[in-house]
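**Student:** Sequence:
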Amino acid sequence: MLASKVIRKISDYGTLVMFSHSIFSLSFAVISMLLASNGFPSLWKVLWILLAFMGARTGANAINRAIDGEIDKLNPRTSVRQIPQGQVSKAEAYGLAAVCFALMFVSATMLNMLCLILAPAALLFMTGYSYTKRFTWLCHIVLGITTAAAPVGAWIAVTGSLSLTPLIMGAANTFWVAGFDIIYGIQDYEFDRANKLRSIPVKFGIRKALHISSAFHLISCIFLLLLGIISKELGLIYYSGLLIITVLFAIEHSLVVNVRKPDDTGAEVYSFTSYSLNQIISVVFLTASLVEILI
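Here the sequence shown is numbered in the working numbering, starting from 1 and rising by one per residue.
The set of hints was computed from the structure by calculation and includes no laboratory data.
Owing to the predicted nature of the structure, the values given are computational and were not obtained by experimental measurement.
Any given hint might turn out to be false.
[Stated by the list, open to error] Below 25 Å or equal to it, Euclidean Cα-Cα: the simulated SDA-like pairs (lysine to any residue) are:
no.: 1; residue 1: Lys203; residue 2: Thr127
no.: 2; residue 1: Lys208; residue 2: Glu190
no.: 3; residue 1: Lys45; residue 2: Gly160
no.: 4; residue 1: Lys203; residue 2: Val257
Go ahead and model the full structure; you've got the sequences and the hints to work with.
**Tutor:** Take a look at the structure:
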């Protein structure tokens, strides 16, 4: 009986922090780490990089769910989440976030001084993002910048310094995540308008929001192309993967371009294109880059 309760609670925590969505930034973090080390760093360094990543990401999602708990309770789409349903309390979510952020700081300490110095800035973005939708439609960009800490941080963890390559990767990550977050946010268009929450769909309307999302993904592809140009480790296999990614972006936007209303049918399309399809894009980027670098 106790074991089943523990398993259920672990499952609730896993759903709360969306472990399955880790691929969105993990792929960029892994490739940044490999490019920075010109191969594969020591297992000790890999361990602390992965612990820092999981601590940061899990903590960010836990605190986001806690901060947005009351909003999620009012929104029909999100009212089924763990905190509104009482499966996880706000105190538990804040506690989980505190433990995870502590792990991030310990990992940063074990990596190098620059990681530790920059850790508070990363924490500021991870905790501050949850409030941005309350006062700015640039919340999607803030989310993108927050996730870009993964490739930038992984590079610094290996080299102890910053250079152009991780900034290009971070820019690609930023516009990619911001682009699909705009699509995801369309599901809450009516709710956000009624509750004075800010987003690009609310600010510019659904049609223009989709155009902005397309532009963001085009910019992301341009930065990924630049990454290939400046990185001697990346070649034909990487560019083939980038071509596939570009096609998948085109498919993504062709699916949403004619969906104008966030009704039940539209919500399914927005959810699939913003998450499921972009998980595939993450895997393509990771696979093509890994094969190119390691083989």
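**Student:** All hints, please: hold or fail.
**Tutor:** Now the hints, each set against the structure:
1. Lys203 with Thr127: 23 Å, holds
2. Lys208 with Glu190: The given pair, whose Cα atoms are some 16 Å apart, holds under the 25 Å limit.
3. Lys45 with Gly160: 12 Å, holds
4. Lys203 with Val257: It holds: about 18 Å lies between the C-alpha atoms, which stays within 25 Å.
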